[in-house]
Amino acid sequence: MKWQVNLKLAPFEFDKKWNALVSKNKKAILLLPETFMNNSGKAIAPSISFFKIRPKNIIALHDDSDIEFGRTKLSFAKHSAGHKGVESTKRAIGTLDFWRLRIGIQPPLRASLTKGGKKKRVDAMKLVLQKFKPDEEKTLKKVIKKILEGLEIIIADGPEQAMNFLNQN
Numbered sequence: 001m002k003w004q005v006n007l008k009l010a011p012f013e014f015d016k017k018w019n020a021l022v023s024k025n026k027k028a029i030l031l032l033p034e035t036f037m038n039n040s041g042k043a044i045a046p047s048i049s050f051f052k053i054r055p056k057n058i059i060a061l062h063d064d065s066d067i068e069f070g071r072t073k074l075s076f077a078k079h080s081a082g083h084k085g086v087e088s089t090k091r092a093i094g095t096l097d098f099w100r101l102r103i104g105i106q107p108p109l110r111a112s113l114t115k116g117g118k119k120k121r122v123d124a125m126k127l128v129l130q131k132f133k134p135d136e137e138k139t140l141k142k143v144i145k146k147i148l149e150g151l152e153i154i155i156a157d158g159p160e161q162a163m164n165f166l167n168q169n
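Residue numbers (my numbering): 1 to 169.
I should point out that these hints are in silico values taken from the structure, not numbers from a laboratory.
Note that the Cβ used here is the ideal one computed from N, Cα and C, for glycine as well.
Be aware that a few hints might be false.
Stated by the list, open to error - Below, simulated DSS-like cross-link-like pairs (lysine-lysine); rule was C-alpha separation at most 25 Å, straight line:
#	residue 1	residue 2
1	Lys90	Lys24
2	Lys8	Lys131
3	Lys52	Lys8
4	Lys145	Lys26
5	Lys133	Lys146
6	Lys73	Lys17
7	Lys24	Lys146
As the list claims (entries may be wrong) - Derived DEER-like restraints, expressed as beta-carbon distance ranges:
#	residue 1	residue 2	range
8	Ser49	Glu13	29 to 39 Å
9	Asn169	Lys52	34 to 44 Å
10	Lys27	Leu96	22 to 32 Å
11	Asp97	Lys138	32 to 42 Å
12	Pro46	Asn25	26 to 36 Å
13	Asp135	Lys16	37 to 47 Å
14	Asn25	Phe165	29 to 39 Å
15	Gln161	Leu21	23 to 33 Å
Hey, can you work out the whole structure from these sequences and the hints?
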């Protein structure tokens with residue numbers, strides 16, 4: 001993948017110790033757990049112990065139904081808001097003192113209003129599992145590009161420097 005080359009990361013390889021795909025360079029380790037999302041901490045815990053990674057140097061990327069689709073938000077030490085993968089990560093590392101790159105999946109507000117003007121609750125499973133529409137696929141490509149650029153900033157300059165870029169609309 002082009003972004004892996006830009007970041008000088010090795011190709012992903014499966015590591016059975018962590019049940020995850022791993023790609024790394026001298027400055028960063030990317031871990032893609034092969035566990036169910038709600039159990040991602042099971043892959044994270046042994047890897048941070050092995051690599052001696054401090055929680056403040058962890059960045060968990062995950063979907064967020066509270067953020068509008070097409071937007072991202074980088075934050076530090078925030079509660080899970082019920083996200084099971086984040087809760088699993090917190091349990092695994094024993095703290096909330098890690099970074100989260102939240103990727104919005106909530107439909108735009110205008111699409112989720114009822115006739116009475118009240119916000120309509122979208123079923124979480126449907127939201128996560130439904131297929132993307134063609135216009136959403138275009139937006140998704142832009143979001144992926146933004147995330148990859150943000151990761152480059154994080155690796156080069158740190159997460160604090162990437163916040164302005166990743167948190168802008």
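Quick rundown of the hints versus the structure:
1. For the hint linking Lys90 to Lys24, the alpha-carbon distance of about 23 Å falls within 25 Å, and the restraint holds.
2. The suggested pairing of Lys8 with Lys131 is violated, with an alpha-carbon distance near 32 Å, which exceeds 25 Å.
3. Restraint check for Lys52 and Lys8: the C-alpha separation of about 21 Å stays at or below 25 Å, so the hint holds.
4. As the CA atoms of Lys145 and Lys26 are separated by approximately 23 Å, the hinted pair is consistent with the 25 Å bound.
5. Using a Cα cut-off of 25 Å, the hinted pair Lys133 and Lys146 holds, with the two alpha carbons roughly 20 Å apart.
6. Of the pairs offered as hints, the one joining Lys73 and Lys17 is violated, with about 31 Å between alpha carbons and a cut-off of 25 Å exceeded.
7. Straight-line distance between C-alpha atoms of Lys24 and Lys146 comes to about 20 Å, which keeps the hinted pair within the 25 Å bound.
8. Roughly 19 Å separates the CB atoms of Ser49 and Glu13, a value that falls outside the hinted 29 to 39 Å.
9. At about 37 Å, the CB distance of Asn169 to Lys52 agrees with the hint of 34 to 44 Å.
10. Distance hint check for Lys27 and Leu96: the Cβ-Cβ separation is about 24 Å, which falls inside the suggested range of 22 to 32 Å.
11. Against the hinted window of 32 to 42 Å, the Cβ-Cβ separation of Asp97 and Lys138 comes to about 36 Å, which satisfies the hint.
12. Roughly 20 Å separates the CB atoms of Pro46 and Asn25, a value that falls outside the hinted 26 to 36 Å.
13. Our hint of 37 to 47 Å for Asp135 and Lys16 holds, since their Cβ atoms are close to 40 Å apart.
14. Distance hint check: the CB atoms of Asn25 and Phe165 are about 21 Å apart, inconsistent with the given range 29 to 39 Å.
15. Between Gln161 and Leu21 the beta carbons are some 27 Å apart, a value that agrees with the proposed interval 23 to 33 Å.
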